[in-house]
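Chains as they are written, first to last, in the working numbering: chain A, 3 to 278; chain B, 3 to 278; chain C, 3 to 575; chain D, 3 to 575.
Any given hint could turn out to be false.
Facing chain A, from chain C, some residues (calculated, C-beta under 7 Å) [stated by the list, open to error]:
1) 45
2) 46
3) 47
4) 48
5) 194
6) 226
7) 228
8) 231
9) 234
10) 235
11) 239
12) 252
13) 253
14) 420
Hint data in this document are derived by calculation from the structure and do not stem from the laboratory. Every residue gets a Cβ at the ideal spot worked out from N, C-alpha and C, and that includes glycine.
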Amino acid sequence: MTAQPLTAKDYKSDTKPIWCPGCGDYSVLAAVTKALAELQLPKEKVAVVSGIGCSSRIPAYVAAYGFHGVHGRALAVASGVKLARPDLTVWAFGGDGDGLSIGGNHFLHSCRRNVDMTYVLMDNQVYGMTKGQASPTTEPDWCESKLTPKGPQVTPIRPLHLALACGANFVARGFSGDPNGLAKMIVEASKHPGFSFVQVLSPCVTFRAEQRNWKQLVHESEDAEEVASDVPEAMRRLAADDGFATGILYAGDRPVYQPMHPAVTELAAIERRFAS
Amino acid sequence: MTAQPLTAKDYKSDTKPIWCPGCGDYSVLAAVTKALAELQLPKEKVAVVSGIGCSSRIPAYVAAYGFHGVHGRALAVASGVKLARPDLTVWAFGGDGDGLSIGGNHFLHSCRRNVDMTYVLMDNQVYGMTKGQASPTTEPDWCESKLTPKGPQVTPIRPLHLALACGANFVARGFSGDPNGLAKMIVEASKHPGFSFVQVLSPCVTFRAEQRNWKQLVHESEDAEEVASDVPEAMRRLAADDGFATGILYAGDRPVYQPMHPAVTELAAIERRFAS
Amino acid sequence: MAESVAVVLTGSGGAGVMTAGQMLLEAAAKAGYYGLMTRSSGPQIRGGEAAALVRLSTRPVAVHDDSFDLLVAFDWSNVGRFAPELPLSSDSLVLSDPAQGEMPQEIAAYGPRVAEMAFGKLAKTIKGGRPNMIGLGAVAKLIGLPLEPLLEVVTEALKRKGAEAQDASAAGIRAGAAAAAEIGGPATLDPAPEGGVERWNISGNEAAGLGAVRGGIRFVAAYPITPATEVLEWLAPNLADLGGVLVQAEDEIASINMCLGASFGGLPSLTATSGPGLALMLESFGLGIASETPIVVVDVMRGGPSTGIPTKSEQSDLNIAVYGMHGDAPHLVLAPNAIEDCVFTTQWAVHLAETLQAPAIVLSDQMMGQARAVVPRPADISFMSRRLVAEPCAEGEVYNRYALTASGVSPMAVPGTQGCMYTADGLEHTERGIPSSLAGDHLAQLDKRKAKLTDYDVGDHWADTEGEGSVAVLTWGSTTAPVREALARLRRDGKKIRLISVRLLTPVQPEKMAAALDGVDKLLVIEQSHEAQFFHFLRAYYDLPAEVEVFNRPGPLPIRPGEIVERLKPWMS
Amino acid sequence: MAESVAVVLTGSGGAGVMTAGQMLLEAAAKAGYYGLMTRSSGPQIRGGEAAALVRLSTRPVAVHDDSFDLLVAFDWSNVGRFAPELPLSSDSLVLSDPAQGEMPQEIAAYGPRVAEMAFGKLAKTIKGGRPNMIGLGAVAKLIGLPLEPLLEVVTEALKRKGAEAQDASAAGIRAGAAAAAEIGGPATLDPAPEGGVERWNISGNEAAGLGAVRGGIRFVAAYPITPATEVLEWLAPNLADLGGVLVQAEDEIASINMCLGASFGGLPSLTATSGPGLALMLESFGLGIASETPIVVVDVMRGGPSTGIPTKSEQSDLNIAVYGMHGDAPHLVLAPNAIEDCVFTTQWAVHLAETLQAPAIVLSDQMMGQARAVVPRPADISFMSRRLVAEPCAEGEVYNRYALTASGVSPMAVPGTQGCMYTADGLEHTERGIPSSLAGDHLAQLDKRKAKLTDYDVGDHWADTEGEGSVAVLTWGSTTAPVREALARLRRDGKKIRLISVRLLTPVQPEKMAAALDGVDKLLVIEQSHEAQFFHFLRAYYDLPAEVEVFNRPGPLPIRPGEIVERLKPWMS
Ligand SMILES: Cc1ncc(C[n+]2csc(CCOP(=O)(O)OP(=O)(O)O)c2C)c(N)n1
Ligand SMILES: Cc1ncc(C[n+]2csc(CCOP(=O)(O)OP(=O)(O)O)c2C)c(N)n1
Ligand code: SF4
Ligand code: SF4
Ligand SMILES: [Mg+2]
Ligand SMILES: [Mg+2]
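Work out the full structure, taking the sequences as your base and the hints as a guide.
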């Protein structure tokens, strides 16, 4: 059967996003469907997993199997899917709150466990869904939330640093304003064995309207041509990071965690061991 | 009143530890009481907080206020104590499972929040209390647990790397085999403003008997005289870390998170705002 | 003339229906009326269809009426999907802009009277004019609300925008009122009551926050969640002003553990959340029970299970609140039964938690929490007792943190108290606080933790009861409001009927309930839960009359007074 | 001669009482007996006082007797603290080493017969001899267990240690038996039954693991916790051998979410934990309910609340298991009632979860889980139905994941199935799976999720019932064992009495219960919980006879058959 190649549009579901007009997440969705088209993955062999948040609504908008889980647990669900079904391509998505606040522990352990999947963190430095509170990536002096009227006063998490320190096997930063570039990056992340992490700067135009000018701030990383393959080198590069440099920072070769192997025994043999 | 200075013994409670004979935790306890004596803190002004695990039993053995909480939440409880009671000296304790597995998210966020307290992680690279499973610091090929008969197969967390990446303001490693050195380190950690992290190598003689020879492996860090005050430099030093180098690695000067301030209004004035 | 008039304003995101609704409520308050406003909106984060539901009255109103008198639609985008929330009758008036197309089928099906008003066109006649202001003016005219207070409110609200904006809005209001002069209003409000009752404009979530600080809460750690976030938003700046603090934690587990730490440190502590967050807190809530560390958790309930329906109300967290802890875990569960009662019930929860050294859950819900009402100022209550703290111990004296006392409450040492150093523990323990697995210690401490709650005399606050007769309605929480209104209607018709609205769910009060039910032979239990959680809870712990019926329904549609009257009619001879 | 004999071996850490106990059990099994062994130890992680409690019998025994016939103390260190767990009678024999000092007061208080044996000295007479082997030999002699199987077991166990160790132990056993010849045994076992019933030596935790794999579980993600860890320890290597996998997760929340992911992927999935872990899992358990993703959670209950008493048993997680989720959240709760029933009940739980696409909780407990028994091989059961999966959809066909079907169960598409792509969601949704906050969708899905459980015919497995008459005992879980034994005693005395032991706690089965209770006018509810959680659960959901009494007690002391007989006597005319 020589089927027509699938286009990005084929990977869009017919569910209409609930996002605000102008939200960066639309472009992330576009990048995802482009990436799927680039990879020509059969729709039914892809699982898109997320938590809760504006960004986490993405699975329903992709024509693939999806799991819109609870807040903060996307990576645990995604790990379960991939460990049980190594034949599927598993992509997890979520916001900076979902992934780094309530979900921080699963981020830490997913980085080090190195299940072969891709995690796209749609970072808008705010909790969009709950109407604009500070997230772990918010600046310490951002005073627009009534919950932290004097700003969160806490040093933001730098997602790439954290991913590297926790052992992620592929670390990159993209920008929703460049869906083509982002699509390529997601393709690379997905192809790379193990746990791949992509931070995407994706503006929240409603609660962080000033992020509209991220397009002015975002620039390609100086080291973009040459991906680091060693953690200290990647760390060194990050030392000068302004948070807006895009590109693939690091690609490592740690062994993938895939502990499921074919059966070697029958149940009856196991049961016999109880006989006394 | 010119009271006698308190000795280490004065800071020991009369509750007998449940630890196995030879457990490294006895020496951590000794170091803690020595440190308290060194600091001459009034017993009632000290709060010792922990989670669950062999190591987490320590509060009851110290003559101070203590909170033996649930598994993995020591840092959250300790943060609450310190935020509500800035006048107290707050020390949190726990194992590698308590602090880095189930408690990983609170570790991450405590490092960055920078409440003025000290966290001593008693690392034996195993879950002692539950009879010997792999922890996040266990070697990938350690096969002694029935839960992971082929070893955990996951890259261990390096606690100092993680603490640095998450923004801890003071980072050190000690060894229970040197209680005097450890006591000094805890004193420094406690005096340093903000969140101070001390990883203590504390052997589990029951489930990791081979750790008895840690005393051969532990050595003072080459950079011990000169504490790094800048994160990239500390990271650079860690690049060569063998996991057994003791000493204070890093001491920073990030602002302490202490958001409680004296009242500026009466409740009545606030209530009046509801009047329509 | 009508004692109360109910109005809905609907339109898509930019139409400003929420602003208009709020202004209407404030204007009515200024004019001496009471009122209530709730909101509904579509699934979009921003800019979706929205509805402001406003009821104005000469007496306090805690619930919407069976139907709305007036529906003003600035446009019809997706308004059809709200139809079940916006019941109309044939007496209702629908006012819409002919430029916005047809009234949706679902609204038309109610068979209301229809009138047109070109909000858009009229607005364009005014420089800077906006359709919602035209609509506001029309509403005022149609329901007989004087224009003056409305103009005052609008002028006040636009102070920062300058005179031009103020004038444009005022002109819009006047234009709307003028345009409505031709149209017969659906009902005209009775004149506002005379007299100087102090009235507040407050939401249930703000009220819970106020109750907390009245009760002495000075430490809050929490993680945002709909529909509880406004509790926190109110508390954050006000706690800071009062010398306390609100910490935004990394998750709900951190939140409750920070509260435990702060309360251990001596500061009354609270967190607020909704179902999913409460679920995450339960393990540590149990630590509060075992270690006898008082804390208060406000759960603003939303539709469940799981993520469910975050923006809609339901009374389906009763089970988890009452039974959701592992082990035998006695604790306090309270529920406010009206917006203004969120003040009292939360304050009382803090009081009970502190007095009994036990964690408490306050079950509010989205309906109360996010509704805004103009109500009489909630009375000041001051409770006498506080946390029983330990005195310093002399050298050699032994301090037993978990001493077995007559009341079950043991003096709690606050860090800083000399000689009383102890370790709070979630492991079972001796009186001293030393871990113990002995049956005797376990039983003694279980008895103690239970008795301190069941032996405490909670007085009359355990429930609101009213009326007499052999028929009773037993309910709780926000469902109390429609029940009260239904019963008032029946009483107006000379019927005898009792209301028991349970405020203190646990510890259960069998004697007080038996007294309240004395002489009742027919009982209707009313609640907003698919599984009839309240009814089964009552069965488990109380002896109910032989004839019991249940009127239960899940969210999001509220139970309306008229439905309750219908359900009761067969019993009303 | 006795049908069963009960022996305790005690001593401090190094004494080897657990090894000896295990060998005794195995030897008895070899000799054709049935048996049971449980353990008790002090708070120390290692090396503290310990007791092996062994009962041997000619028929299967699921519970310890009212008292022990023989107590062998290798030393007395802290053995007093076990006294309440080691009831003795005046017919009991205590055998202790005179070199180890006085019998503790608490043991002496039982007034047992006392004999001395110099375990230490005798051991020293043998090269490499150990006191516990002397003790084992003495026990065998005193209760009439043949030495041969014991020698076989010991020889087998020490195979790796070499002939010298084997000989030393054999010599020790013989020496102990010889030394005991002079002492009159407390009771002599009846001869072992003839015939070739296949017998297994299995713990409840192993049995739960076996039930899981029999049911088809191939994915487990879990976090260790006492007393559930052995379920995982058994599963890890065996799953690997069967082509499945056990993942040790970072915490319980990750565990259950990994299970949800794996089950979504099509693999039957399970996790095991105890109360604190279950509490952490509840939010995500609710996600399983709302998204209709089957998973099984085994909760091996321990003393609560909070960290409680990790090493001791209690039936106090019933509330959290039945009611612990936010929202209206129907799900399955099952409880095995004996060690070997852990196989069947866990297998059945997997079957029900998969068939009904609903999460299930299996409530085992420390008593069953960590006890080891010699029992007849649990029967093979095979259930016919499995998860209803969706067929591939053609282009243009719409797949409704949450279709409203007659049974409430909708075909579930496993990823890989062409054309059926859908998004599993914890938000309320339409049949298609699209988030919806409409009352109609909510009600339809709530009805569906409820009906698929309540309408399913669970057959006879919902409870174990036996006996007849107008008096009944209603119980559940591990408490069933002493009830069975008590009722057997009463029946031997010619009394009529019924047993209903509920295996399926939810969905409730009102019709089946009514049938089981038909003709009962006196009911005794028995459970191991301070709050009488089971009794209140029964009240909430079932109509009980007019005369109901409750015999409830918290852990850790088990409820003994004799106590039950006493409680029932007044009703036994
Ligand atoms: C357990 C739990 N806690 C809190 C919430 C409320 N909540 C929903 S989304 C969200 C944060 C969203 O922020 P982020 O993950 O950054 O996503 P965004 O909306 O910004 O894309 C929160 C706190 C929840 N649904 N569940
Ligand atoms: C919620 C919860 N999950 C699991 C456990 C079981 N548990 C108790 S201690 C422990 C790990 C202990 O390891 P660690 O923190 O390294 O302390 P150690 O005993 O090695 O000092 C675990 C898993 C628990 N008590 N609570
Ligand atoms: S609130 Fe922000 S993140 Fe959410 S949909 Fe709107 S713009 Fe996007
Ligand atoms: S098990 Fe290990 S960590 Fe625990 S007390 Fe014993 S030696 Fe120490
Ligand atoms: Mg965000
Ligand atoms: Mg450890």
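For each hint, the structure was consulted:
{"no.": "1", "hint": "45", "in the structure": "5 Å, holds"}
{"no.": "2", "hint": "46", "in the structure": "5 Å, holds"}
{"no.": "3", "hint": "47", "in the structure": "5 Å, holds"}
{"no.": "4", "hint": "48", "in the structure": "5 Å, holds"}
{"no.": "5", "hint": "194", "in the structure": "33 Å, violated"}
{"no.": "6", "hint": "226", "in the structure": "4 Å, holds"}
{"no.": "7", "hint": "228", "in the structure": "6 Å, holds"}
{"no.": "8", "hint": "231", "in the structure": "6 Å, holds"}
{"no.": "9", "hint": "234", "in the structure": "6 Å, holds"}
{"no.": "10", "hint": "235", "in the structure": "4 Å, holds"}
{"no.": "11", "hint": "239", "in the structure": "5 Å, holds"}
{"no.": "12", "hint": "252", "in the structure": "5 Å, holds"}
{"no.": "13", "hint": "253", "in the structure": "4 Å, holds"}
{"no.": "14", "hint": "420", "in the structure": "34 Å, violated"}
When the structure is compared with the earlier hints, violations turn up for hints 5, 14 and for no others.
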